[in-house]
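J.: Top to bottom, those sequences are chains B and U. Per the numbering used here, residue 1 is the first one in the first sequence, and the count goes up by one each step. Per the numbering used here, residue 1001 is the first one in the second sequence, and the count goes up by one each step.
Treat each hint with caution, since some may be false.
As the list claims (entries may be wrong) - Derived DSSO-like pairs: lysine-lysine, alpha-carbon spacing no greater than 30 Å straight-line:
| id | chain 1 | residue 1 | chain 2 | residue 2 |
| --- | --- | --- | --- | --- |
| 1 | B | K109 | B | K64 |
| 2 | U | K1054 | B | K109 |
| 3 | B | K71 | U | K1244 |
| 4 | B | K109 | U | K1184 |
| 5 | B | K71 | B | K109 |
| 6 | B | K68 | B | K109 |
| 7 | B | K68 | U | K1274 |
| 8 | U | K1274 | U | K1054 |
| 9 | U | K1054 | U | K1184 |
| 10 | U | K1274 | U | K1244 |
Calculated from the structure, these hints are not laboratory results.
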Amino acid sequence: MIRFENVGLRYGMGPEVLRDLTFSIEPQSFQFLTGPSGAGKTSLLRLLFLSMRPTRGLISVFGKDTTKIAKAELPSMRRRIGVVFQDFRLLDHLTTYENVALPHRVSGKSEAEYRPDVIDLLKWVGLGDRMHVLPPVLSGGEKQRAAIARALITQPEVLLADEPTGNVDPPLARRLLRLFIELNRLGTSVVIATHDFHLLEQVEARHLILNDGRLAVHD
Amino acid sequence: MTGPKRPAKGQKAPAGKKRPAGGRKGVAQGKRKRVAQKTKGVRKSALLFAGREKLAPIVPPQAIPGQALMLVVAIMSFLACLTVGFVAIINDAANDWTNDLVREVTVQIRPADGVNMLQEIDRTLALVREFPGVGDARALSDEETEGLLQPWLGAGLDLEELPVPRLVLVEINDPELLNLAEMKAQIEQDIRAASVDDHRVWNQQLSGMANTAVLVGFGILVLVLFSMVLSVVFATQAAMSGNKDVVEVLHFVGAEVSFIASEFQRHFLWLGLKGGIIGGAIAAICFVIIGFFSENDVTSISGNQMQALFGAAQVGAVGYVGVVAVVALVAVLTALTSRLAVHRHLASMD
């Protein structure tokens, strides 16, 4: 599904922040991406999300070499990948419902087409009664769930989550993890970037450990 | 591992959880609205599913520096419309001058030794009346000639004592029938000391001046519109910077560049249209006021001179069509400029 071969990344003329990364994300797989702060987790997620291009090596996403993907093709590729940002990136002037519906809206669907799906998903993540609320009023956990719902609404093939439990208490973190596992069971590959060891201990999953720009894979 | 089950597409929500009451309007709707308005952070669009309120715009209107930009667009449109109006006035006046001049020819008979002026005038009148296309011909009377010379020579002139040239005005009914060159040659051959002035030089000078004025007008119009385009580019860049988060999120959720550009373009089209209409309307009001005053100001010297040159200085239908065209052009330019600026900004993101 996503394949990295000897990938390296540097910013400008600086040192390489990612070195010789070779791994793949298989369909319906579940993995944690972990490592100390500054190890390059967010940079790796940005590469996975086609937000950046590597300075060397090959990245293949859904069977396509990223260097050969035309700019016009990027939006349709991105729609197949859901992303949950560490800082949620919810739009404060849109309600929870509108934020979650955003991926459908930008793809040109009419509201009548996606409305039931959005409502069902909001109920599924426990925000059924908060759908008309603006994000500034939501709690951290609610924002996190709204961000996750937005990433899931188009039923992406891959879900990338950057520190999804970083702003929530342990019970809510466990609840969110269950949500990711359930999603994985439904067929989505999940990559969770975290340095929350409690979270890592709760699930038997593949670990991608980044350290000083190099990746170690523990299946 | 137990977890919440995600319902399949189209499947109903789990029992016990009520779906938003889309069909139930009336009392429930009014109540919901009142509650929503009272609740901090809950938008009035709680009625969203009743199909009564539209989704909020993805780019918030308040995030665009709208008031300042609209003012700039209005001022630019006003200046552009004024330019178009004045160009129309000059163009109309030049056309009027040209039409008047080709319908009149002046024969000048200079005093010379052995020339009986009155006899030559009669011969000239008889000669020009023979040509086809000539409507009427008359010599300027002594009083009219004295009137023409009065500013230079004072009152109480005796034309018999002074060697003053006399003028014969020839009105042309049908310029196409008249062979002006032949008439000119015939008069200059038969009448001593006579010369024919068909006002061609004057006509060419006026026409050249009018064309230059029209060109200058279009130059000013282009500069004004260019300044407006630059203002919109700066405003779009400011809007993009102010909405960086929105643009990034749209980008990450897979929005096409054209979709993001359309979201911004919609705001700018509306701004351009509002600014353009305001500027155009003020310019149109100015035209009406100028027309009114120029039509009624015949008592002052400057008013008289203006009337003589430009007629009533009224903007005709073409001028008002130009104003409408400028308003439409301003709106389209504003929208297109913002679209291009957004495209450039997004191209730098990938």
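J.: List, from low to high, the hint numbers that the structure doesn't satisfy.
T.: 4, 7 and 9
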